Structure formats: structure tokens, C-alpha cells
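Visitor: Okay, here's what each chain looks like letter by letter:
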Amino acid sequence: MNKINFGIIGLGNQGKIHLRNCMRLKNAMVKSVADISKKNLEFARKFGVKDIYTNYEDMLKDEQINAVIISLPNFLHLEASVKAADAGKHVFIEKPMGRNVEECREILSAIRRNGVKLMVGYGLRFNPIVKRIREKIMDGFFGEVQIVESTYVSGGPFTPKSNKAGPVPVPSWWFDKKLAGGGSLLDLGSHMIDMLLWFLGEVKDIESYISYTFNLEIEDVATCMLKFRKGPLAVVNVGWFSKDFIRSIQICGTSKNLWFNLSRLNVGKKIWNDLKKKIGWYNSDSYYLELAHFVNCLQQDAEPSPSGEDGLRCHEVLSWAYRKAFKNIKN
Amino acid sequence: MKSYHGLIEKLSKTSKIDKGGLALSLVSFVRVANHDYISVKRGIKESLDLINFNFSRNVNKIVIKPNMCYYYHPSTGEVTDPWFVSVLIDVLRDNFGENSDIYVVESDASAMKCKYAFKMLGYDRMARDKNVKLINLTETKSKIVDITVNNVKFEFHVPELFYKADLVVNVPKIKYMSYVKITCALKNMFGCNAFPRKYIYHKALDEAIVGINKLIRTNLVMVDGLIVSGRHTKRLGLVMASEDPVTADTAAAKLMGLNPRSVRHITLAFEEGLGNMNYLPVGEISYFEENFPRWNLKDKLWKTISSVYLKVLPEG
Chain G
9 MNKINFGIIG
19 LGNQGKIHLR
29 NCMRLKNAMV
39 KSVADISKKN
49 LEFARKFGVK
59 DIYTNYEDML
69 KDEQINAVII
79 SLPNFLHLEA
89 SVKAADAGKH
99 VFIEKPMGRN
109 VEECREILSA
119 IRRNGVKLMV
129 GYGLRFNPIV
139 KRIREKIMDG
149 FFGEVQIVES
159 TYVSGGPFTP
169 KSNKAGPVPV
179 PSWWFDKKLA
189 GGGSLLDLGS
199 HMIDMLLWFL
209 GEVKDIESYI
219 SYTFNLEIED
229 VATCMLKFRK
239 GPLAVVNVGW
249 FSKDFIRSIQ
259 ICGTSKNLWF
269 NLSRLNVGKK
279 IWNDLKKKIG
289 WYNSDSYYLE
299 LAHFVNCLQQ
309 DAEPSPSGED
319 GLRCHEVLSW
329 AYRKAFKNIK
339 N
Chain R
463 MKSYHGLIEK
473 LSKTSKIDKG
483 GLALSLVSFV
493 RVANHDYISV
503 KRGIKESLDL
513 INFNFSRNVN
523 KIVIKPNMCY
533 YYHPSTGEVT
543 DPWFVSVLID
553 VLRDNFGENS
563 DIYVVESDAS
573 AMKCKYAFKM
583 LGYDRMARDK
593 NVKLINLTET
603 KSKIVDITVN
613 NVKFEFHVPE
623 LFYKADLVVN
633 VPKIKYMSYV
643 KITCALKNMF
653 GCNAFPRKYI
663 YHKALDEAIV
673 GINKLIRTNL
683 VMVDGLIVSG
693 RHTKRLGLVM
703 ASEDPVTADT
713 AAAKLMGLNP
723 RSVRHITLAF
733 EEGLGNMNYL
743 PVGEISYFEE
753 NFPRWNLKDK
763 LWKTISSVYL
773 KVLPEG
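Protein chains in written order, with my numbering: chain G, 9 to 339; chain R, 463 to 778.
Bound-form chain R, shown alone (with noise of 0.2 Å):
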């Protein structure tokens, strides 16, 4: 098992170094062996050490953009856990103090509703218990903005919300995707756009996922690896933080088995200044490069075949 605490302790105290001239992000893989509340706690505190992410600053109104894609049980590994955030609720408030204001949000897609999201999947629950405010995006007030990235021209309804926010801390979860190959942290701030027919964006969804990310900045990635859904879902017990997108996402491709660099919005949002995908991972890398249930071969001929057999169905 591959080690880097002994050489982040002898490094300044950011969550960027430079090693030989090359500017490296740093990305924590913390396992959380049992999943109960102290382990997670502990967990997410020491991810967050790992990176040497700054407490000191001054923070007040704290912006939670979890990952709820869709009616999932938090068991398949496809929508992050609110009892995780719930965990990450109590960690952000010991060390910014208990009256920081907490906003837990997400907004409306073409399938899927927030009214009944929050509901179904255990979010109000969670919302009324941490004292925080639950937020649909797409009934807050937004600005629309236009950006273009790699010539496609997108226009974003931005929330406000967003503009006041001292921390915007994503907390996605890593998965395949067939449209993007992999979902994670770039991927989840896509649901930020508080437009609901998202949908109209997926003819250039790597440039929308760049375009949105430019729009609203993350400055901390934690992701919810406590169960990972992959080739089929899997308590992986991961715990990874980074305060670079970038950094994150091309750490979990790789761990995924992905080549980063074919990862279209991971290389675009690298060559847009979004983050770094030079990256030094800290932690228990190499248990869960052995453990993440990997895509094979096998399941990638499948997908193909099955998605060109779909289009030649007969109907009804």
C-alpha cells in the first residue's frame, strides 16, 4: 500500500505542490472501513487533512450540490447518500462553526422532479434534521448567462444563490456514463443549471458540462465512494476529496480503468483553465485501483452492441 502522508507533511500546508516544476493537485482516497457515523466522520475529516484543505478561512453561507440524478435508492450507488452528507454537514460545521448557513441543492431535469427527489430519496428528512435549507435551483432566482466553449454557444440559468456562496462543495458520485463515459465531479455541477429540460444540451454535453463548470466554481470535491455502482454496485468505502474538479475527475477515471485524456470534458475543462489534471493522489490509492468494480472488456462490447441493437427495435 502506496503512502504519501510523510511527503504532504514535508510540503507547505496547500493543496497544490510542485514537484520538479510540474504543478501537481492533490487528491485523497480515504477508506472507511465500517460504515457508521464516527468511521465516515473520520473519514471525511482526514480526506480533507490529506489535501490540506484551509478551515481558517472565513466562511458563512455554504453551498452543498449533491448528486440526484434520479429516483435511486442511495443503496445502488447512483445518488449520493444524504446520510453522507448529513456526516459531511457535521464536519463542515465543527470547523466553520455551528451558524454557518447550509444550502443542500439541486434542480429539476427532464425526468427527474426535486419535489419528489427530496422526498424519496431521504433529502427533506435529512434537510429538516441538520437544520439546513433544502433548495430546488430551478424555482430560486438565476441569471441567465451566455458562454461559449469550443465554439458551441450555451446559454445557463445560473442560480444566485451561487454568487453569495463563500464555499460551493460538490459532493457527486463516480460513475460510467454512456453519453460522457464518466459522471463525477465536472459532471454534477451540471445540475446547477437551474433550466429543467437539460436534455437539450446533450447534443454537445462535454462542452455544457465545461460551459457550466467556467459559470459556477467548485472549492471542494467530496465524493460519496462509500458505494459505488461501476460494472455493479459495490461498498467500495471510499472517501476522496480534492479542491480541483479537474483533479478529481481525472483521479477517478483513472481509478475507473479510463484513460483521462480520452475523457473529452476532463481534457477540455483542463485546456479551458477549469483545474489540473496533473494530480498527486494521497491515501490508499492502490486498494481501490484493486477494488473499484471495473467495466471489462466484455461489458464495453455489450454496451455497444446493445445501444446498435436499440436502434434497429422494432417498435411497439
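Chain G on its own, in the form it takes in the complex (with noise of 0.2 Å):
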């Protein structure tokens, strides 16, 4: 396959980071984007997009196009990436995969159904630090891993955003417990969970719980405790409740105990990644990688990582903890 040619789904801020990096790919490019908005079409506009769509419909009938990425609410991933497999067109899909593990399956089924390719932006499995920390505990750098600690606090949806118009407010999805699927579990424990399981593999058991610090239908905060097959115990720690933000892991193994801090950067190393983007080097940009990631693997019709099973995997693990959590709150 030559040049991939992509059409993206919601032009939200994640789509707008989506649009900027593959129009950076030397071997992508953005034909088509869709969006409800036309601040958001004008914007794709400027950066050179021709074809603007404010039906997602249209622009799937381009059969010039052979890969979308969606990066709508919560709420029209299923829809979204179905009509996408069904016009026969690669997905890359944000995460969640979807708000539960009945639409993770539905996803799955059309995408096998029309031998298309879909990826689950887990965009942590590309952070460089993430990365090199599996391939020491493949290697065995940390022993035989016993402990896992990992935390993800910040004010997630209602952290302030401003742009050149002006504050931008939260979108009121996000605030609907049945449009969004659920809250920090969900929005940033899929993460860490998705990360954990790429490290340590199958879930033998979980136990949760959830709290509620905003008064809102959707969780805050939430603690998982998982018992892994192979033996080691890992907890997870996220929360939406915070003005701060953090992302750590720590590591705790029979040779060698480690923490990590995966968000925050010296103000050198700010500075010296912000220079690598300016001159255009982008290796450690890990929305940038997870995209040069699926373009290879179109490109050379191998399976993406993290795939639509491993999504689904997730998802299972996430609503197990749900159900736990939602248990342990009748008690």
C-alpha cells in the first residue's frame, strides 16, 4: 500500500492532535475530515484538508480513503466505527473502545466481518518510558515482578482548556453518566489497565471500589486491586478529582524496586522535547508514534498493538472492576 489516506472522524481536541501528526507521516495524509462543527471544519481547512464533511456518512463513500480515525464522544464509537469496517475502511479508534464490553464486541465483530484493521489508541503504550519499562521486566531487569502501584490523578474532563477564543467548556457528555459510559475508571483506568495487562498479562482477580467526590452519577475516583495469573498484585489508582495532575507507576520486583513518574518532565527535558518537535523529530511524542505505529502496520498488513481483542480485554477487566466496585458500594 502506498500513501495511506485518512479521513478523521471529530475534530474535538484529540482529533485536532490526530490531524497535526499525520499530516506530519511522510507516509499518511489527511484527504477528508468530518465534523458538526464548522469552527472545527475551518480549522482542518487552514492545515490544507480539501474534502470537510459535516456527515461522517458522506465521507466514508471515498473510496480513496482506506483508514478513518475516530476520535468522537464515547457515546458514537460503536456507531462510528461500524459503518466505517462496514464501507471497508481501517479504524483507528480513540479510547475506550467503546462504553462497555457489549459494544467492544460489536466493534470487533464488524471489523473480523469486513477483514479490516482497527487499533485502540492506548496511547501510553508508546510513551518511551512505558515502553522501556516492559522491556526490562521482559528482560528481567526488576526480578520476578511482585508489586505494581499505578496512579492517574488529575481533573480529567474538567481540567481548564482555553483556546485563542477563550475558555473552552467541558462538553456536557461527559456529565451524562449514559452518554460517557462512565467516569475516571473508565476514562483513565482503561489506560492503566490496558497498560498493566501488556505488562504482566491475564487478570485472575479483582477487587474495587468507587467513590463520588463531585456529586455526579459518574465515579471520581476509584481504586482496582488485581491478582494477576502469573502471580503478581498491581493497584490502580485514578481520579478526576484533582487541580493537579499525575502518572506514575511503581515497580516493585525480587531484584530491583522502581518508581516512575510518567507525566511530569524537568523543565529542561520540557524544553529539550518541545526543541525535538520544532525541528520536526517527534520520537517522543506518543500520539505521533501510536499513529507512525499504525501506518506501518497498514502499510505492511501486519496486526496493530494495542489491537481491538486487546481493547476488548480492557473492557472486560474495566467492567469486572465496575461490578465489583458497585457490589462493595450495596455493602
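Quick caveat, the hints were computed from the structure, so don't treat them as lab data. Keep in mind that the hints are not guaranteed to be accurate.
Think about it this way: if two alpha-carbon atoms lie no more than 25 Å apart in a straight line, the pair counts; the simulated SDA-like pairs of lysine to any residue are [said to hold, decoys possible]: (1) G:169 with G:55; (2) R:643 with G:177; (3) G:277 with R:766; (4) G:251 with R:763; (5) G:338 with R:581; (6) G:139 with G:210; (7) R:581 with G:220; (8) G:172 with R:586; (9) G:251 with G:174; (10) G:286 with R:767; (11) G:251 with R:746; (12) G:286 with G:117; (13) G:47 with R:659; (14) G:278 with R:763; (15) R:660 with G:163; (16) G:285 with R:766; (17) R:765 with G:283; (18) G:277 with G:263; (19) R:696 with G:229; (20) G:144 with G:277; (21) R:660 with G:173; (22) G:251 with R:695.
Note that the coordinates shown come from a computational prediction; the quantities given were computed from them, not determined experimentally.
Now that you have both chains on their own, put them together as the hints suggest.
Guide: This is how it looks when you write it as C-alpha cells:
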């Protein structure tokens, strides 16, 4: 396959990041975008995207498009990915793959039925530190890993954002449990659980607790304890309640114990990373790297990772964790 | 510890005094060591007594304006704690009568929407418990009023509720704010403009703050300083009261280690006759001056560097 022609469905914050990164890839281009917001479409036009649509179904009719990037609100993932797969397009879908296990299964079955590829946007797997940790685990650097503690706490969707036009309101679907599918456990926990499954394999047992700092229907605090089949124990702490931001992992093994901060760079490293981006060197940008991986997989007819199966597995663990947490609330 | 109790007792029972020909407004600083109902209620009452707040006036309709700038938890010190407001409501009812009509108000902003903030911050529950009306000013009737401050012309949406109020109680937080240095009583009233896209006023925010304060006058400032955000979040245990928003902000700026004359909206408000920058602090001012988590030079420098750096940051 020559250059991959992409169509982007949904140009919110994440969609815009994918648009920029896709434009930077030598073996891919964004042929079209679809969004209901004229402002967002204008943004794409300024980036040189010729075909713009207000209805993504019209975009899917374009035979020159090989693959789509779906960065829509959670409740639209199922419909958009099934329609894209039925139109014969490969699919890169932002996490979470769906709102629940059933939606993930439906997406996966559409992907298999149409013989196209699916990649789920768990960008943490492309974080250079996370990648290195996995290599070290596989390498035996930690000895036998016994305990892992991972934490991801932020303001989540309530983190203040602004653009040139001023402060940006939080999209209303985030406040609606039916539309979002879940709270911080689904949103941030899915990242951490996918990472742990990638590190440690299959889960044998789960205990989980959730709570509601902000009086919403969706949880904003969650702690899960996982027991893996191979033996290690892991804790996942996630939350949307904080003004601050932390994303970290601590690994305790028979040979080595280490704590890694996956997010906060010191000033020097931050400036260095930004300078690298300025000169077009994106080797530390996980969003860029995951898209580059997807494009390479399409060109080489390889299976992308995280795949749809990985996305489903992560949802099965999440659903188990939710069941346990709701049971604990009742008790 | 400096206390002005004796001095105040000798003075006439008003919240303004005359000292050697200089008119001074009173601002009280009361320390609440325990964050329990009885201590906080006592602290609020004491802070009002220290400024000689007149409870004998005829008050039926009370409007309370807390600070609900965004979806932050009250424990961060960024928003007025609904629990503090609920204790204040009890104090007001004890003194103005159980039947006074109390409205707790806020308006939608560019990023913050009241329908979510009321629920997330716990105001809807507080309003139910205290049987007060929780009002999103953006959804109420308002009058469009033009006003000019320092040659800058503004159009504000002034809610009609304020024209009918007997007492407007401003319950701000004390915070540093990059646009206008500090946010306290004067800035909190900015949220009384019912127009939701408040970002449009940011080009001349100091003038806009003064403009809205000219249109909607505060009768009482009751600062919720139990938790302050400052350089870092701290349980300061401060209850601060004044009948003059300019005085309250001047005292707040000083407490935060800033020269009040360097805060443009304070000096502008003073020049526009909204209040007095000369004040007499009563209560435990020295404790709070020593314990407020002030920005230091490093913080100020870091803030400047990061704001400059963000401007040159590559996109995406």
C-alpha cells in the first residue's frame, strides 16, 4: 500500500492532535475530515485538508480513503466504527473502544466481518518510559515482579482548557453517565489497566472501590486491586478530582524496586522535547508514535497493537472492576 | 498579637471611623481554629460584631454571592465552601429573622456552567437543606445597562433580583490571579453579570470589575478564608468581614504580600468612589499576615517565565 489516505471523524481536542500528527507523517495524509462544527472544519481547511464533511457517512463513501481516525465522544464510537468497517475502512479508534464490553464486541465483529484492521488509541504504550519499563520487565531487570502500583489522577474532563477564543466549556456528554459510559475508571483506568495487561498478562481476580467527590452520577475516584494469573499483584488508583496531575508507576520486583513519573518532566527535558518537535523530531510524542505504528501496520499488512482484542480485554477487566465496585457500594 | 477591640468599643457604632481627620473603614480578621459548626458560626458572628455590622435594619430579601469560578472542590480553596455559606445563612437568619428570603446566586461563565457547578460543588444540596433559593443569574430576568469606566464602555446584564434585594452579601475567596493580581470581593461581583461569555471582558478586566461593582453594590463582604489557595492550599481558618468591598480587597492584597496600590482594579474602584482604601484592621491580623501562603519571588519569576514560554510552545 502506498501513502495511507486518512479520514478523521471528530475534530475535538484529540482529533486536532491526530490531524497535526498525521500531516507530519511521510507515509500518510489526511484526505478528509468530518465534524459538525464549522469552526473545527475551518481549522482543518487551514491545515490544507481539501474534503470536509458535516456528515461522516458521506465521507465514508470516498473510495480513496483507506483508514479513519475516530475521535468522537464515547457514545458515538460504536456506530462510527461499525459504519467505517462496513465501508471497508481500517479503523483507529480513540480510547475507550466503547462504553462497555457489548459495544466492544460489536465493533470487533464488524472489523472481523469486513477484514479490516483496528487499533485502539492507548497512547501510553507508546510513551518511551512505559515502553522501556516493559522491555525491562521482559528482560528480567526487576527479577520477578511482585507488586505494581499505578496512579493517574487529574481533573479529567474538568481540567480547565482554553484556546484563542477563550476558555472552553466541558462538553455536556461528560456529565451524562449514559453517554460517557463511566467516569474516571473508564477514562483514566482504561489506560492503566491496558498498560498492566500489557506488562503482566491475564487477570485472575479483582477487588475494586469507587466514590463520588463531585456528586455526579459518574465516579471520580477509583481504586482497583488486581491479581494476575502469573502471580503479581497490582493497584490502580485513578481520579478526576484534582487540580494537580500525576501519572506514575511503581514496580517492585525480587531484584529491583523503582518508581517512575510518567508525566512530569523537569524543565530542561520539557524544553528539549519541545525543541525536538520544533525541528520535526517526534520520537518522544506518544500520539505521533502510535499513529506512525498504525500506518506502518497498514502498509506492511501487520496486526496493530493495541488491537481490538486488546481493547476488548481491557473492557472485560473494567467491567469486572465496576461490578465489584457497585457490589462494594451496596455492602 | 495586635487587637483593636478596646479601640472599637470606644468608637461610635458604625463600620467607618474617623481617625485624625482620616476616614477609615473597618475590616475584621477572625481566626477559626476548628472547622466545626459552632466555631465557624462564632467566628462569623464575631467578625460581624467587630465591624459593628448593623443587624437592626429592615431586611427581607438577601442575595448571597459566593465564588464558584470553576468545577474545583471547596477543599482546594478555589471556590467558596457551600458549608461556610450554610453557616452564614444561619447567622443571617438568627439576626434578620427566620422568614427572610435568601437567594444564593451565580451566573454561567465561558467555561463554567451553573447547572453542573451547583451540583458538583454541593450547592444544590446545601440550598435544599437550608431552604434557600439557588439561582443561575443567566436564566433570570436582567436589564442591559451601559457603563463607562476609565473611558472603556461596557454593556452588562444586571439581574433584576439585585434591584429588589435589601442586602447583598458577597462571599469571596482570596486568591492570586494572573490577569488582575488578586481576586477577592470586587472580582467576585464580576460573576453577577448574567451574560455568560465573560471572556469578552478580559481585554479590560480591571475596568469591567469596577463597572459591575458600580452597578451592583455590595452591602457586606464575608470572606471565606477557612481554606486559601495562595502559593499552596492551606487551612488558614480566616473569616474576614467588611461592609466596604474596596477595603476588603485592599486588606486582602496586603495580607497576600502585595501593595494594594499596584492592584489596578482596587485603585480604580477607590477613584470611582466605590469604597475606601484606608482601613483599620481589627482582630488577629498579624497571625494571618504571618501564615498566609504568599507567593515568593521564585513563584512570581516562574509564573512569568512559564507564561512567556507557553507563547512560544509549538502547537500539538
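Visitor: For every hint, state whether the structure bears it out.
Guide: Verification of the hints:
For the suggested pair residue 169 of chain G and residue 55 of chain G, the alpha carbons sit about 22 Å apart, so the restraint of at most 25 Å is met. In summary, the hint linking residue 643 of chain R to residue 177 of chain G is supported, as the alpha carbons are separated by about 24 Å, within the 25 Å threshold. Taking the CA atoms of residue 277 of chain G and residue 766 of chain R, the gap is near 19 Å; set against the 25 Å cutoff, the hint holds. Of the supplied pair hints, the one linking residue 251 of chain G and residue 763 of chain R holds, its CA atoms being roughly 21 Å apart against a limit of 25 Å.
Our distance criterion of 25 Å between C-alpha atoms is met by residue 338 of chain G and residue 581 of chain R, whose separation comes to about 23 Å. The suggested pairing of residue 139 of chain G with residue 210 of chain G holds, with an alpha-carbon distance near 19 Å, which does not exceed 25 Å. For the hint linking residue 581 of chain R to residue 220 of chain G, the alpha-carbon distance of about 12 Å falls within 25 Å, and the restraint holds. A hinted pair counts as satisfied when its Cα atoms are at most 25 Å apart, and residue 172 of chain G with residue 586 of chain R does not qualify at roughly 33 Å.
Taking the CA atoms of residue 251 of chain G and residue 174 of chain G, the gap is near 19 Å; set against the 25 Å cutoff, the hint holds. Proposed proximity of residue 286 of chain G and residue 767 of chain R is supported: the alpha carbons are some 19 Å apart, at most 25 Å. Pair hint residue 251 of chain G plus residue 746 of chain R does not hold up; C-alpha atoms about 31 Å apart against a cutoff of 25 Å. Restraint check for residue 286 of chain G and residue 117 of chain G: the C-alpha separation of about 41 Å exceeds 25 Å, so the hint is violated.
Distance restraint check for residue 47 of chain G and residue 659 of chain R: the Cα-Cα separation of roughly 17 Å lies within the 25 Å cut-off, and the hinted pair is therefore satisfied. Restraint check for residue 278 of chain G and residue 763 of chain R: the C-alpha separation of about 18 Å stays at or below 25 Å, so the hint holds. Restraint check for residue 660 of chain R and residue 163 of chain G: the C-alpha separation of about 22 Å stays at or below 25 Å, so the hint holds. With a CA separation close to 23 Å, the supplied pair residue 285 of chain G and residue 766 of chain R stays within the 25 Å bound.
Annotation: proposed proximity of residue 765 of chain R to residue 283 of chain G holds, straight-line Cα distance about 21 Å (limit 25 Å). Among the hinted pairs, residue 277 of chain G with residue 263 of chain G is inconsistent with the structure: their alpha-carbon atoms are about 29 Å apart, more than 25 Å. Between residue 696 of chain R and residue 229 of chain G the alpha-carbon distance is near 23 Å, which keeps this suggested pair within the 25 Å criterion. Restraint check: the Cα-Cα separation between residue 144 of chain G and residue 277 of chain G comes to about 22 Å, which is no more than 25 Å; the hinted pair holds.
At most 25 Å may separate the alpha-carbon atoms for a hinted pair to count; residue 660 of chain R and residue 173 of chain G meet this at roughly 12 Å. Taking the CA atoms of residue 251 of chain G and residue 695 of chain R, the gap is about 11 Å. The hint holds against a cut of 25 Å.
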